[in-house]
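S.K.: Sequence order for the protein chains is A and B.
Taking our numbering, the leading residue of the first sequence gets 1, the next gets one more, and so forth.
Taking our numbering, the leading residue of the second sequence gets 293, the next gets one more, and so forth.
By construction, these hints were calculated from the structure, which means they are not laboratory data.
Take these hints with a grain of salt, some might be off.
Across the chosen pairs, the derived CB separations fall in these ranges [as the list claims (entries may be wrong)]:
#	chain 1	residue 1	chain 2	residue 2	range
1	A	Gly215	B	Pro364	44 to 54 Å
2	B	Val455	A	Trp90	34 to 44 Å
3	A	Pro278	B	Thr320	40 to 50 Å
4	B	Thr320	A	Leu248	47 to 57 Å
5	A	Gly215	B	Ala436	25 to 35 Å
6	B	Gly343	A	Ile84	44 to 54 Å
7	A	Arg244	B	Thr320	24 to 34 Å
8	B	Leu367	A	Gly215	41 to 51 Å
9	B	Trp412	A	Pro278	55 to 65 Å
Note that the Cβ used here is the ideal one computed from N, Cα and C, for glycine as well.
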Amino acid sequence: MPLQSLDVINQSAKTGPTPSVRQTLPVAKLIDISRCIGCKACQSACMEWNDLRDEVGVQEGFYTSPPDLSDQSWTLMRFNEVEIDGKLNWLILKDGCLHCADPGCLKACPAPGAIVQYSNGIVDFHEEQCIGCGYCTAGCPFHIPRLSKKDSKAYKCTLCSDRVGVGLEPACVKSCPTQALSFGSKEDMLFQAEHRLEDLRERGFTKAAVYDPKGVGGTHVVLVLPHGDRPEAYGLPADPQVGRVLSLWRSGLARAAGVATMFAVLVAGVLHYMRHGPLEVPPEETGKEGRP
Amino acid sequence: MSAPTKDLILRHGNASRVTHWAVAIVFTFLFLSGLALFHPFFYWLAYVFGGGALMRFIHPLAGAALVVLFYPYALSHIRDNRWLPADGKWVGHMFAYMRMEHPDVGETGKYNAGQKLMYWSMIPIIAVLAVTGLMLWQPWFAPAFSAGARRAAGLVHAACAFVMFVGIGVHVYAAIWTKGSIDAMIRGTVTRAWAKFHHPGWYREVAGKDGR
Chain A
1 MPLQSLDVIN QSAKTGPTPS VRQTLPVAKL IDISRCIGCK ACQSACMEWN
51 DLRDEVGVQE GFYTSPPDLS DQSWTLMRFN EVEIDGKLNW LILKDGCLHC
101 ADPGCLKACP APGAIVQYSN GIVDFHEEQC IGCGYCTAGC PFHIPRLSKK
151 DSKAYKCTLC SDRVGVGLEP ACVKSCPTQA LSFGSKEDML FQAEHRLEDL
201 RERGFTKAAV YDPKGVGGTH VVLVLPHGDR PEAYGLPADP QVGRVLSLWR
251 SGLARAAGVA TMFAVLVAGV LHYMRHGPLE VPPEETGKEG RP
Chain B
293 MSAPTKDLIL RHGNASRVTH WAVAIVFTFL FLSGLALFHP FFYWLAYVFG
343 GGALMRFIHP LAGAALVVLF YPYALSHIRD NRWLPADGKW VGHMFAYMRM
393 EHPDVGETGK YNAGQKLMYW SMIPIIAVLA VTGLMLWQPW FAPAFSAGAR
443 RAAGLVHAAC AFVMFVGIGV HVYAAIWTKG SIDAMIRGTV TRAWAKFHHP
493 GWYREVAGKD GR
């Protein structure tokens with residue numbers, strides 16, 4: 001299932017249809033937070049495979065390191081310290097792109113082909129087309145893409161589209177020692193997630209839930225949250241949406257109507273001139289005082 | 293156009309004309325580059341301006357240039373654009389005026405009510421475009437604003453740019469339609485007959501100064 005140009009089912013600022021003759025298997029990465037031990041092997045594997053090296057920072061009293069996602073850090077273990085029933089809990093979030101089925105970044109992007117979506121669900125940035133406007137960072141409901149200070153281009157997790165394209169799992173999944181990360185068809189991952197939920201409920205996590213938010217059409221990175229009633233405690237929005245403002249701003253219909261109206265103004269000018277002609281000083285007014 | 297004679301009156305001074313065309317050039321660039329980002333139908337314009345990344349870099353700089361050029365220019369023309377009771381009469385007869393029925397619109401000063409409406413609409417619209425543009429200006433100012441604020445800024449910026457295009461479109465057409473006004477903006481002068489016919493109030497003022 002190598003990803004090819006014929007698997008690009010959607011792209012930013014497209015003007016016509018995209019290839020649709022074949023459908024590859026929709027894939028997903030499943031993140032079961034209950035199994036995560038916070039070892040950061042996934043972070044290291046991401047750096048290693050993608051050959052990225054973030055700046056070495058300083059210890060700020062948290063286990064989260066580096067402090068934030070960046071052009072060099074496409075995935076990040078966030079160690080959210082939350083008190084539940086009087087006990088300190090680490091609600092670890094493996095932060096990074098969730099690969100939305102209805103991606104706000106792609107919708108916001110004005111550069112044709114800078115953001116693409118493959119038929120297997122991966123949303124990928126083509127940085128050579130990126131113009132550095134940062135609209136993707138405004139369009140993303142999860143605050144994921146980052147503009148590089150070096151080249152003003154946006155970067156984020158690719159779900160290892162290069163690996164997935166040749167039948168391998170993403171590097172982070174490969175490195176996970178506790179099977180907190182799994183990779184496969186989205187259908188299988190949801191099935192597996194249901195089993196994990198049963199286990200969790202037996203262990204007393206009665207509010208455990210799967211995070212596959214419908215507001216963005218579902219995601220191709222699915223999480224099992226032990227405290228599923230409180231996604232915000234993990235730093236995840238409870239109900240992420242592409243949103244009305246973005247939909248209106250980048251609406252094909254509204255923009256086409258805008259362009260049509262602007263053309264109409266030009267046409268109205270031409271028609272007015274054809275009907276009425278120029279407004280000139282009448283000859284009787286010019287008199288001996290010269291030409292108008 | 294012949295050399296200035298007694299028949300010609302200065303309508304737009306040197307500084308005024310140079311600033312007008314500087315604003316016009318900057319606006320044209322802003323509009324065309326904005327259009328490339330607004331709708332992919334016009335993305336080819338990005339290649340006219342050196343590629344998408346360079347165009348995206350220049351666009352906000354040109355926006356800043358527009359603010360710097362436009363507001364002092366507008367301020368220097370504020371006296372002649374004050375809204376007067378007679379302007380309401382012009383607006384009432386606007387469509388008859390456009391149909392060239394030569395309605396009695398009272399004594400028009402240096403600018404007619406249509407021109408004044410253009411003047412007073414551009415002042416807030418350019419301000420809103422500047423503020424929302426600043427909110428979207430990567431990489432320097434946009435990071436200070438939330439994603440939600442930037443989405444709203446993007447929508448408002450596009451909507452105001454659309455209104456501005458329609459306004460400037462009317463402005464350009466009116467200049468093409470009203471013979472003599474483009475010459476006036478290039479060389480600065482109009483004939484006495486032109487001034488008397490289009491802007492009799494203004495003509496009386498300048499003719500008075502001339503002692504004629």
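S.K.: Within 25 to 35 Å or not, the Cβ separation of Gly215/A and Ala436/B?
M.R.: 26 Å, holds
S.K.: Should the hint that Thr320/B and Leu248/A are 47 to 57 Å apart at their CB atoms be regarded as holding?
M.R.: Check failed, 27 Å falls outside 47 to 57 Å.
S.K.: Go ahead and decide if the range 40 to 50 Å is satisfied by the Cβ distance of Pro278/A to Thr320/B.
M.R.: Because 23 Å falls outside the window, the suggested range is violated.
S.K.: At the C-beta level, are Val455/B and Trp90/A separated by a distance inside 34 to 44 Å?
M.R.: 52 Å, violated
S.K.: How does the Cβ-Cβ distance of Trp412/B and Pro278/A compare with 55 to 65 Å: does it lie in that range?
M.R.: 26 Å, violated
S.K.: Hint says 44 to 54 Å; check whether the CB-CB distance for Gly215/A and Pro364/B agrees.
M.R.: Hint holds: Cβ distance 47 Å, inside 44 to 54 Å.
S.K.: Does the Cβ distance between Arg244/A and Thr320/B fall inside 24 to 34 Å?
M.R.: Since Arg244/A and Thr320/B have Cβ atoms about 32 Å apart, the given range 24 to 34 Å holds.
S.K.: Can you tell me whether the CB distance of Gly343/B to Ile84/A sits inside 44 to 54 Å?
M.R.: Hint holds: Cβ distance 52 Å, inside 44 to 54 Å.
S.K.: Confirm or reject the claim that Leu367/B and Gly215/A have a C-beta distance inside 41 to 51 Å.
M.R.: 48 Å, holds
Hint violations for this structure: numbers 2, 3, 4, 9, all remaining hints satisfied.
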